[in-house]
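A.B. asks: These protein sequence lines are chains X and L, in that order. Terminal number for the first sequence in our numbering: 121, no gaps in between. Terminal number for the second sequence in our numbering: 228, no gaps in between.
To be clear, the hints were calculated from the coordinates, so they are not data collected in a lab. Predicted model only: the values in this text are computed from it and were never measured. Note that beta-carbon positions come from the ideal geometry of N, C-alpha and C, so glycine has one too. Incorrect hints may appear among the rest.
Unchecked claim - Rough simulated footprint, nothing fancy, chain L against chain X, three-plus residues with beta-carbon under 8 Å:
1. 10-17
2. 20-30
3. 53-61
4. 103-115
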Amino acid sequence: MNPISVLLVDDEEDLSLVLAERLEMKGFIARGVVSSEEALDLIEKEEFDVMIIDIKMPGIGGLDLMQRVKQKRPETQIILFTGHGTDKEGETAIDDGAYDYLIKPIKIEDLIAKIEKAAGK
Amino acid sequence: MIMPINKEQILKDQAMIFLGKIMASLSHELNNTVAIIKEYNGLLDDLLLDARKGSPIDDKKVERVSKKIASQTEKGAEIIRRFNKFAHSLDNPISSIGLNYMLQSIIALSRRLTEIKGIYLKLDSVDDSLSLKTSPLLFQQAIFQCFELFMANADANTQLIISAEKTDDKILVEIAGTKLADDRAIESNMQILDIIMEHLNGSFEKKTGSDDNQSIVLSLQDLNAART
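Here chain X stands alone, though its shape is the one from the complex (with noise of 0.2 Å):
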C-alpha cells in the first residue's frame, strides 16, 4: 500500500515544518510550505491525498485556497486548522467543502486519525 501523501500549509512555517517532520516519521509523506500561493505552485507538479490548511494566512486565506484546490484537484481532502476556541469557523467549512477540522494546538493522534479517514485508509 503506498504511503498516504499530505501537504500541509501554515504561514507560521515552523509548525507546517514540524508536523511535517512528524507525520514523515509516522509513515507519511508529507510537505509543509508557508503560504497558500506556495501551495498552488506545488499542486501544479504533484498531487496529494489530503492537504492541511490553516484558515487564517496572509494573501490568499484558507477557505478561499480551499476552493481553488477543489478546482484544481477535487480528489484531494481536504482538514482546515482553525486557531479559534470554537468549532463555529470548522462547522462552517465542513458547509464549505471541507472533509473536516482541527482546533490548534492539535493532537497528533487526532491528526493522524484524520488524515487516514479522509484518505479513506
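Given the structure of chain X, go ahead and fit chain L onto it with the hints provided.
C.D. replies: Below, chain L alone, put in the same frame as chain X:
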C-alpha cells in the same frame, strides 16, 4: 424597538470592539506559539520512542529542536510582554505618552491583523522626545481605526507608513498608504473615527496625493500644551 444610540454609547461600544480585536489577535499569536512548542515537544517524544526501540539518537536533531523550543518560548514571552504593556497603558484615562513608544506599541499589536489583509505597517522615525498628554486608549483606538480604513480596501503587499510631528500646539500623526475604499464602504468607520477624534479634542483629514495614494492625518491636541 431599536434604542437611539448616542455618541457616548458608540464610543464605549467601539472601545470594547477594539479591545476585543486586540485580545483576539494576541491570543491567536500566542496560541500558534504554544502549538509550535507542543509539536517540537512531540518531536522529542518521537525521537525518544525511536531511541528506546534501538535507533541511534540524532544529537544534531535534538539540539535543533531544543533551540526551536527556546526561540518559540521567547517569542511567547514577547507576546505576553506586549499584552502586559498594552494593558498597563490603559491604567489611567489620561496620561503623558511617549509618541514613538505608543506608536510602536499599537503597530506591534495590530501587525497580525493587518498582515492577514495584506497591509504591512512601517513606523517612520519619530523623535523620541515627542510626547503627548491624552487618552492612551482613544489614541491607540484612533490609530487602529485608521488601519481599518485602509484594510477595507487592501491590495496585497501594501505598506502603510506611520509618521508623527509636532507643530506649535498640536501633534500630527499621518498614516499614508494606498487608495482607501470608496466613501460609502468606509462611511461608518469614518464616523467612528470622527467621534474618537472629537473626544480627543482633535480632528482628522483625508488627503490624496498626486499619485492617487491617500493618507489620513490626525491632528491631536496636547493637553499639556493646552494648559500652558
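A.B. asks: A separate judgement is required for each hint: does it hold in the structure or not?
C.D. replies: Status of the hints after comparison with the structure:
{"no.": "1", "hint": "10-17", "result": "holds (count 3)"}
{"no.": "2", "hint": "20-30", "result": "holds (count 4)"}
{"no.": "3", "hint": "53-61", "result": "holds (count 5)"}
{"no.": "4", "hint": "103-115", "result": "holds (count 4)"}
Of the numbered hints stated above, none is contradicted by the structure.
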